[in-house]
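Kindly generate the complete structure, drawing on both the sequences and the hints.
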Amino acid sequence: MQAAKPAKIKFTADHWKAYGLLIPSLIIFILFMFWPFMYTIYLSFFDWNMVKPTKEFVGLQNYKEVLTDPTTYKVFGNTLLYIGLLLIINLIIPYILAFVLDIVLKRFNHLYKGAIFLPSVISLVVGSILFTWLLNPVSGPAAIILGWFGIDMPIWSKLDGWVIVVLSLITSWKVFGYNFIVLYASVNGISREVIEAARLDGVPLWKIFFHLVLPMSSATGIYVFIITIVQGLQYVFTPIKVITQGGPNYASSNAIYHAYHEAFVLYRTGHSAALSILTMAIFILLLILEFKFVERGIHYEN
Amino acid sequence: MKGYLKLFSLLALMLMLAACGKSGSTTSNNSAASDEKTVIEYWHVNAETQGGKTVEELVKAFNEQSKTTKVVAKYNPDMYKGLMQNLQAEAASGKSPAVVQVGWSFLDYFSNNFSYISPQEVIDQHFPDDRTFLKDHFLDNVLELAQNSEGIQVGIPYSLSTPVLYINKDLLKEAGLDENGPKTWQEVKEFSKKIKEKTGKHGFYMQEPADNWATQALLESNGARMLSGKKAAFASKEGIEAYQLLADMIVKDKTALHLPWDQGVQSFIDGNVAMAYTTIARRSQIQDNAKFNAAAIKSPAWEGKNVRLPAGGAMLAITAQEEKQQKAAWEFMKYLYSVESMAKWTEGTGYVPPRKDVAEDENGLKDFLAENEMMKAAIEQMDGVVSWTSFPGDAGLEAEQKLLDIRDEILGGKTSVEEGLKTTEKEINKLLK
Numbered sequence: 063m064q065a066a067k068p069a070k071i072k073f074t075a076d077h078w079k080a081y082g083l084l085i086p087s088l089i090i091f092i093l094f095m096f097w098p099f100m101y102t103i104y105l106s107f108f109d110w111n112m113v114k115p116t117k118e119f120v121g122l123q124n125y126k127e128v129l130t131d132p133t134t135y136k137v138f139g140n141t142l143l144y145i146g147l148l149l150i151i152n153l154i155i156p157y158i159l160a161f162v163l164d165i166v167l168k169r170f171n172h173l174y175k176g177a178i179f180l181p182s183v184i185s186l187v188v189g190s191i192l193f194t195w196l197l198n199p200v201s202g203p204a205a206i207i208l209g210w211f212g213i214d215m216p217i218w219s220k221l222d223g224w225v226i227v228v229l230s231l232i233t234s235w236k237v238f239g240y241n242f243i244v245l246y247a248s249v250n251g252i253s254r255e256v257i258e259a260a261r262l263d264g265v266p267l268w269k270i271f272f273h274l275v276l277p278m279s280s281a282t283g284i285y286v287f288i289i290t291i292v293q294g295l296q297y298v299f300t301p302i303k304v305i306t307q308g309g310p311n312y313a314s315s316n317a318i319y320h321a322y323h324e325a326f327v328l329y330r331t332g333h334s335a336a337l338s339i340l341t342m343a344i345f346i347l348l349l350i351l352e353f354k355f356v357e358r359g360i361h362y363e364n
Numbered sequence: 176m177k178g179y180l181k182l183f184s185l186l187a188l189m190l191m192l193a194a195c196g197k198s199g200s201t202t203s204n205n206s207a208a209s210d211e212k213t214v215i216e217y218w219h220v221n222a223e224t225q226g227g228k229t230v231e232e233l234v235k236a237f238n239e240q241s242k243t244t245k246v247v248a249k250y251n252p253d254m255y256k257g258l259m260q261n262l263q264a265e266a267a268s269g270k271s272p273a274v275v276q277v278g279w280s281f282l283d284y285f286s287n288n289f290s291y292i293s294p295q296e297v298i299d300q301h302f303p304d305d306r307t308f309l310k311d312h313f314l315d316n317v318l319e320l321a322q323n324s325e326g327i328q329v330g331i332p333y334s335l336s337t338p339v340l341y342i343n344k345d346l347l348k349e350a351g352l353d354e355n356g357p358k359t360w361q362e363v364k365e366f367s368k369k370i371k372e373k374t375g376k377h378g379f380y381m382q383e384p385a386d387n388w389a390t391q392a393l394l395e396s397n398g399a400r401m402l403s404g405k406k407a408a409f410a411s412k413e414g415i416e417a418y419q420l421l422a423d424m425i426v427k428d429k430t431a432l433h434l435p436w437d438q439g440v441q442s443f444i445d446g447n448v449a450m451a452y453t454t455i456a457r458r459s460q461i462q463d464n465a466k467f468n469a470a471a472i473k474s475p476a477w478e479g480k481n482v483r484l485p486a487g488g489a490m491l492a493i494t495a496q497e498e499k500q501q502k503a504a505w506e507f508m509k510y511l512y513s514v515e516s517m518a519k520w521t522e523g524t525g526y527v528p529p530r531k532d533v534a535e536d537e538n539g540l541k542d543f544l545a546e547n548e549m550m551k552a553a554i555e556q557m558d559g560v561v562s563w564t565s566f567p568g569d570a571g572l573e574a575e576q577k578l579l580d581i582r583d584e585i586l587g588g589k590t591s592v593e594e595g596l597k598t599t600e601k602e603i604n605k606l607l608k
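Going line by line, the protein sequences match chains A and B. First residue of the first sequence? That's 63 in the numbering used here, and the numbers climb one at a time after it. First residue of the second sequence? That's 176 in the numbering used here, and the numbers climb one at a time after it.
Because the hints were derived from the structure by calculation, they are not lab data. Using N, Cα and C, we set each Cβ at its ideal position, and we do this for glycine too.
Footprint (simulated), chain B over chain A, 3 or more residues, beta carbon under 8 Å:
id : stretch
1  : 186-198
2  : 209-220
3  : 300-308
4  : 327-341
Simulated pairs of lysine-lysine, BS3-like, Cα-Cα distance not exceeding 27 Å:
id : chain 1 : residue 1 : chain 2 : residue 2
5  : B       : Lys310    : B       : Lys499
6  : B       : Lys228    : B       : Lys242
7  : B       : Lys368    : B       : Lys466
8  : B       : Lys577    : A       : Lys136
9  : A       : Lys303    : B       : Lys589
10 : A       : Lys117    : B       : Lys270
11 : B       : Lys541    : B       : Lys551
12 : B       : Lys601    : A       : Lys126
13 : B       : Lys597    : B       : Lys406
14 : B       : Lys577    : A       : Lys126
15 : A       : Lys126    : B       : Lys605
16 : B       : Lys249    : B       : Lys212
17 : B       : Lys249    : A       : Lys303
18 : B       : Lys608    : A       : Lys117
19 : B       : Lys605    : A       : Lys117
20 : A       : Lys303    : B       : Lys577
21 : B       : Lys369    : B       : Lys589
22 : B       : Lys235    : B       : Lys212
23 : B       : Lys473    : B       : Lys373
24 : B       : Lys412    : B       : Lys473
25 : B       : Lys358    : B       : Lys531
26 : A       : Lys136    : B       : Lys597
27 : B       : Lys589    : B       : Lys376
28 : B       : Lys577    : A       : Lys117
29 : B       : Lys499    : B       : Lys249
30 : B       : Lys344    : B       : Lys473
31 : B       : Lys373    : B       : Lys358
32 : B       : Lys256    : A       : Lys117
33 : A       : Lys136    : B       : Lys605
34 : A       : Lys136    : B       : Lys601
35 : A       : Lys303    : B       : Lys256
36 : B       : Lys376    : B       : Lys429
37 : B       : Lys427    : B       : Lys358
38 : A       : Lys117    : B       : Lys405
39 : B       : Lys480    : B       : Lys406
40 : B       : Lys589    : A       : Lys136
Okay, here's the thing in structure tokens:
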């Protein structure tokens, strides 16, 4: 009956309760997300170094500078490379591993689960320091072991490309376990009957994975996909800061670290804000594309 | 059984920590009760492992003997940059501590952007007896370190460090070289080559943190200057020659390492690099961890030239705004600069004392130096100390960054020294305009 007159919605006690429950999270969102976001937009039009009492209005100058700076493109290129690597290491591999552990392997499952998840609880700063030592190309354990086989470890922290690969690996130490557990839960939740039926029919494992498991767990898959990109890029920040500070010559910097570098190392607040807003715009674009093309094929159980 | 034991020890540890926290807070309550004392804040960057304990000791000892002032020490993470950031936040909210440590590379930035008062001014206004304190106790070239590009005495040098050459005597001997190490940069290069040939280990590592400190020592000792007037001038003939030597060792001879700072020092401590050029502030780390016969020798010179070594570390500046606070700040600083406090500071941190009479004084470092050979190298080269160049103006930090970027290019073998330095110098001069 009410649906017939949608124009007039009465605020019932339930409505109030609902809004009341929303408010705490809304306040947090506004205070820590929307307000800083607005302020960043505001700052991107000014030349300021965080101390001067006056901010000088420069219009679109900051954006012009960011877009003409070759470093910006280098950094965005690196960002893409990071995304690609993180997706392989933290989405595809744990997906396969979850499948293998749940459906193929039958023994020691609990041990694997625990062992794989464990590193996620350790601080990434500690991890980074640990890996600096482990992967010290001259005298670290990894270099010594490679030395037994007569292989010289490349000085990864100073080589383009290599440095991104190693930093991604260090980051995945943190991200891998969580992603794995989430994917495992999802794969585990698929009805056993379907899979058993397929196995009885002699369907090969790879077909089970692509035609049954992947589509049926795709809702979680897409969540991990997005979280890998968004969170992964933020997590990479820590090893960059601890190990390379973006070097050599920005070869390991990504969009997020570079924004930090501009603002808090060089104190070019406007430049940094403009870069952040551009990054934001790119991510919004990616999300729109995702909703348009990927979301359609997703299977939600309920 | 074992599980219980673990649980029990954990509990005991927690109780102990809790107890410590308690006692700490009660003492501060007690002294806060005597409210005639002026309370001032002292901001420092010394973590527990880097002299933080000494800071606490000194502050505690000061508070016990002072009738008028109570100092609260506040630790700032992430070194001098972190402190600057916090100071910015504090200034934005209209407050300020009384005494702060300012890293040399932030000297100009600090004096351009923050409101401070020159220590001599405070002395002249309130402490006529101390009028000649600075002149009497500090070397001129040391006092100059704390003057900004306009020649104003912004603060007083406090933590001083200089680059020294750490050597692995065992490796040098194995390679059949003089175990007292090289005296000149040319010798460093030859030594490095021999070491690689004879032992297969790397010969040399020069520190590569996010600053150009060591680079300045290398270039300026050869007669180049980072700045001339207000313009960058490092791409001179001497500058290029000096940089070339380092680049050749890394790129051409492959006898030296191109690594981040921590990994480089680690490799020296592990015995995989025979010589490391880095700050005296790393002394205790190297002394405590190296399992071979390690020594520190004076910075190498260029043949026939005098060394010019930039000072690392920090000065103390007064940022107190009210007169009462300023007075208290000097009282505290004078205490920190006493021979006894300076000696404690050196022992706790490995910094070189900026005051000239501390090294020989009985109450000072006489005994300490007799036992710590490594420290001697740093103290002996004090007359070669010059200020650490900070590029002037708002774009100074950006200029500094440019020089770091080109370091990676050159040492990575992507650009030639001459081309790299020349274009960077041009870019920096465009920025500084």
